[in-house]
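Given next are the chains, with one letter for each unit.
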Amino acid sequence: MPKIDNGPPDYRKNLPPIVEQNYGKWEYHESPRPGVLKHVGPAGALYSVRCASPRLVCVDFIRDVCALADKYCGGYLRFTSRNNIEFLVSDEQNVEPLIEECEAQGLPVGGTGASISNVVHTQGWVHCHTPATDASGITKAVMDDLFEYFKRDDLPNKLRIAMACCLNMCGAAHVSDIALVGIHRTVPRMDHDAIRKGTEIPSLVACCPTAAIRPDPKNKSVTIVEERCMYCGNCYTMSPGMHIMDAKNDGVAILIGGKVSNARTAPSFSRMVIPFLPNNPPRWPEVTEAVRHIVDLWIANARRGERLGEWVERIGWERFFSLSGIPFTDKHIDDYIFSRETFRTSAAFKY
Amino acid sequence: MPKIDNGPPDYRKNLPPIVEQNYGKWEYHESPRPGVLKHVGPAGALYSVRCASPRLVCVDFIRDVCALADKYCGGYLRFTSRNNIEFLVSDEQNVEPLIEECEAQGLPVGGTGASISNVVHTQGWVHCHTPATDASGITKAVMDDLFEYFKRDDLPNKLRIAMACCLNMCGAAHVSDIALVGIHRTVPRMDHDAIRKGTEIPSLVACCPTAAIRPDPKNKSVTIVEERCMYCGNCYTMSPGMHIMDAKNDGVAILIGGKVSNARTAPSFSRMVIPFLPNNPPRWPEVTEAVRHIVDLWIANARRGERLGEWVERIGWERFFSLSGIPFTDKHIDDYIFSRETFRTSAAFKY
Amino acid sequence: MAEKRETPQLDELEKGPWPSFVTQIKRAGEKNAMADDLLGLLETSYEDKVGHWKHGGIVGVKGYGGGVIGRYTDMPEEFPNISEFHTVRVAQPSGWFYTTDMLREICDVWEERGSGLTNMHGSTGDIILLGTTTDQLQPIFDDISDRGFDLGGSGSDLRSPSCCVGPGRCEHACYDTLDMCYDLTNEYQDEIHRPMWPYKFKFKMSGCANDCVAAQARADCSIIGTWRDSIIIDQDEVKKYAADGLDIQMDVCHRCPSHCLTYDKDTQELSVNAEECTRCMHCINVMGKAIKQGKEKGATIMIGAKSTIVKSAFMSWVIVPFMKMEPPYTEFKEMMDRIWDWWDENGKTRERIGELIYRLGMGEFLRATGIPAVPQMVYRPRANPYVFWQKDEIEV
Amino acid sequence: MAEKRETPQLDELEKGPWPSFVTQIKRAGEKNAMADDLLGLLETSYEDKVGHWKHGGIVGVKGYGGGVIGRYTDMPEEFPNISEFHTVRVAQPSGWFYTTDMLREICDVWEERGSGLTNMHGSTGDIILLGTTTDQLQPIFDDISDRGFDLGGSGSDLRSPSCCVGPGRCEHACYDTLDMCYDLTNEYQDEIHRPMWPYKFKFKMSGCANDCVAAQARADCSIIGTWRDSIIIDQDEVKKYAADGLDIQMDVCHRCPSHCLTYDKDTQELSVNAEECTRCMHCINVMGKAIKQGKEKGATIMIGAKSTIVKSAFMSWVIVPFMKMEPPYTEFKEMMDRIWDWWDENGKTRERIGELIYRLGMGEFLRATGIPAVPQMVYRPRANPYVFWQKDEIEV
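Residue numbers (my numbering), protein chains in the order written: chain L, 2 to 352; chain W, 2 to 352; chain X, 146 to 541; chain B, 146 to 541.
Read the hints as simulated data drawn from the structure, not as lab findings.
Among these hints, one or two may not hold up.
[Claimed, not checked] The calculated DSSO-like cross-link candidates involving lysine-lysine, where the alpha carbons are at most 30 Å apart (straight line), are:
(1) B:K478 with W:K39
(2) W:K39 with W:K152
(3) X:K385 with X:K410
(4) X:K160 with X:K171
(5) W:K72 with W:K26
(6) L:K152 with X:K385
(7) B:K385 with B:K469
(8) X:K199 with X:K149
(9) W:K249 with L:K351
(10) B:K171 with B:K160
(11) B:K478 with B:K440
(12) X:K437 with X:K410
(13) B:K385 with W:K159
(14) B:K536 with L:K249
(15) X:K171 with W:K351
(16) X:K207 with X:K478
(17) B:K536 with W:K198
(18) X:K149 with L:K39
(19) W:K351 with X:K469
(20) B:K456 with W:K26
(21) X:K149 with X:K171
(22) X:K199 with L:K198
(23) B:K199 with B:K176
(24) W:K221 with W:K198
(25) B:K160 with W:K152
(26) X:K442 with W:K351
(27) B:K199 with W:K219
(28) B:K385 with B:K434
(29) B:K207 with W:K198
(30) X:K437 with X:K384
(31) W:K249 with X:K478
(32) B:K456 with W:K249
(33) B:K171 with W:K152
(34) X:K345 with X:K199
(35) X:K410 with X:K440
(36) W:K198 with W:K249
(37) B:K434 with B:K456
(38) X:K437 with L:K39
(39) X:K536 with B:K536
(40) L:K159 with X:K199
Could you put together the complete structure from these sequences and hints?
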């Protein structure tokens, strides 16, 4: 009988026996090889085998994964917050055969420790209503290119990539080592009929963060002060008549240096380094090349243990720009609410 | 014949010969003793003897000072940006006799190097129209108390005190090691007659930074949304009818840790540590005691070379509060435009 | 099924070693017309470089105000099977632990009544069932409910809480994130399923300051495990790390942000100035066998995180430096009630709690909720003297 | 003069070793009735804890729009001699260098026509002549003008520029602050004397990053001396510092913010990674005989500083990392003209340039003034993607 407010499944029924026995009593963990974590507790060791997934998966894929979990893990598995699959293996003997079978089925094993793990991303053209680009496609292209860093775990530290398909920046893009963000760059084209039909005008006016939208009572619609619009697309969320997508001018910005862990340095926002790259499907070569350039620069220059942002903050952002050769423009300088705190109120700097 | 747009006196005519000869060619300087600087250039050495002054001085005081400069410095002297007098002595023989005569005349010699120099302060009750306290009086009381630190130059680093008599914070109080700031704490008492007579209502409404003042067309005056007022007194500057002074509730706040030099760390704002101390003239014992407590804590705990703010930032503000025993309250937390950047977005902190 | 679709652009994304989402859509499309139409629509987007989804209308299931997101293509004639293509959010188990049996149950329902495509998982943490028609929504709910699942949150409600793996597989968990996540989700079923607030609200629980679910960056209320006493150092294990070649001075002591660790190279002993430790997890991350967290465990409660739209991204900041975090979490829940009341009373439409506190001020927030001000709430005190003095602080 | 005034409160402030302003007022009051009334008024303030000065009306001298500030007491009956008690601002010579003859000239004028009380100097830098009557203003101006002085700025104009002691007595001056201050003051006499802007504007010139006039904190345009090439190290002098007991490793290298200095304890040699040096002045401050600034000298131009009222205190930020700074300062002046034009065009009443740039954005400011964007302008780039794209950057 269907029940209202059932709540989620009870996680306690989904824990493998070794987890139940070591629950809350884990002593330490090791990384026997990239893609495998060994957690040890009083009842013994658990081996987690981590595989990439494309996040967008079909039910048969899930069934295939389940078959592997049945064969090697007594039917237990979990997912990570970055869309990885983790097979929870309690018999060490099963680790190598499982890895072999994963790789054979196109489930690459890796993404643990000082590696580049799976990309957290949004829906993009697949299922979002305000995208400035596709998310799954860029993710695929970027990770094909960075594949070796998913398989290795000897980078300076871990590196987290997120991909958000519009300025909403869903999916923690604002605090990622590298964030790829779909951006609009032109003022919404207004469909006044659609606005009249489908929109509460005061809400539409109020939703604009820069007060660029003004009521136009004569037309029962709105007008836009073009030079105030910063293309956030919030108005499109409020009204189907505010068309923000623009095939010629939408594209991708790259922000870097965000981090969420408190280890060593405080959590920090990602910062814009490339304001715009064109949408060039299916494989977005400009984006993959830019990401690769930044990643390789970090690997070549960072100290052991330094996250991307920690490295840039140590050398200084001005040095990052001179080192990377990425051009610095007026677009890099914040002009929104908290801009002032980013202005260099110091005469001490590098070139 | 009086001339319009004469411009200031030509400084070049006021330079002593040793300065003219070494102009732009100074090689180094030393501090032979507290209050004396020795600057050396190819043409020889210049000794600057620094004396405190109360800033508010009468013409006979200036004449006395001139007499000393005539006797020991060939008629040359200068003032510093902190209201000190500097006698510019080119004959080393004159240094000690000059110092003796200064001290005998009540001109204390000191304030150089790692000392507490003169206080930069505002007019206060002496001549300001919006003061929340007196400035000269507190300065006198505080410097009497800290006198030994004006005479010594072996503190961790220099320490700069500023005193501003209201929330305008004239005089660089916002970037001082210790800032004493006169504060109002109550909503202006409106004199509607005076407002009607002397005020441009739209300007008065517009000047309020929190939009607490609203036009009251019926009365040809204004109303105040009391809970929005933060007592800045900007409205009193615009209208003589907005009485902000309040004998019972005006007083002094203490902010610390500001610095303007770029050496080592970037320039930084002073931060509030004591939101309110009462006006207790003539000697403001609560204020002098609080300042002394902070100064002594810094001297006892800072490393060699650390400015007050550098020390606090190194140990953390939360540690400063636990170490000083100064109570932390809701009043310490910013709730103005740039508040967000002060919120601790990190789970790593001390107790 | 019609003849094979031509998708030259998307075919390019089946090349390369990274698992391909295109392959997934194609595989679903082999037996599902919706998935096949999705493939065609996406190829169109790849050709003309714009998205082809319109706003959702209001769709839902009986008794719920959220959990389903309406979605319609703007090319219904070309792709009739996805003229309606709604999302169903299914609340995940704590820590995303599954048995294969459970997963197959979901797969069976979704194969029968939806596109067969899913996200495992959405950014908030739910299982995302991607694409179905309006008339299937109620049957889907009935079916998953029968199998022990429930809908997650959407709209201006409490979104499905989520948590790190916690005590299920991590030695760093300072409280039981899995239990707390399950407890809060059950406690707040009404808040999750029936939107009633100015805007969305998220809980995320991380067992330590490494914050593996990015709670501080994404959750309006971030609950970060910590401890109140000193780290514990095992000197024998320190010596082993030294013997294994770890540069303890450089990689541990030098990188410690408060420089509270001292290593004696001769004796190979490591000591801590516990008062100065900020519990950032760095040293424990590097030499976890030798350095353990303290014994007095609990959590730091932080508030305010959100993504960029519209008033900038916010990260959560401290409101309670340390709270014991044990079932039934009464102290925490009572505080949340006061916070929600204040937000509900004062928040504008689509104003997250962090934006509201920024607008009205921390002082106002603390006074209204009765949370005591402590210096841990700020990196540094205010630089302006603009204090809002309260009536009882003033002499009349 | 009347019988001696009773001032029991103020008398307390003649005790103690610090020089007393009360003594100064009393001394002036012995021969000047205004000063004596001031003493009485101030004693009243010390008794009732409020100030007794009203707003000024508009007072001035012929040909000038500023330089004099009107001030009236609210107790004119009790203190008739200060019912008018205006301030005259007199522009100071660069670096506050004086001959005693000059100072006596001012003293003579002020003894005759004013209270005999002064501030040496006001916060902006002027000589402040404190208190006179309306009818004396023009004669005072005539007299000081005859003696080679002029009024300073007040109101919404360019305030009297001021500068550090510079090459007059400092080995750190990277440009001639005294000359530039004098040059700008003469160049901009009209801007100083006739208010024409949205609000006040200040120039302050410091010869190096130690910034002894607090230019970065107080001036809308702060000109900070710097150099473009490497610091120069004299190894013989390094050895002398070492011999004198300076802990070079700890006090110099360790405190260097970019850790660009390396000290070899064995050879007692100090070396620099010049690229990484930020020219903060720390090492030069500690061991100035051994470390000298580079040879390619000039200034960093920064903009925006102001005090707290009303939109918070601002500190100046970089707009030109390095500019040669030599007479006649043409490049600098041309840039300032463009900046003032833009401010004049766009600023609201009482909006400082820093507040205007904050309101409209650095991008807008840079595009309007033709100043090229460089990474030195910011500590770090924007965290949001809200770029204002310009027409020429967009495909039509």
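Enumerated hints in conflict with the structure, sorted upward:
1, 7, 9, 15, 17, 18, 20, 31, 37, 39, 40
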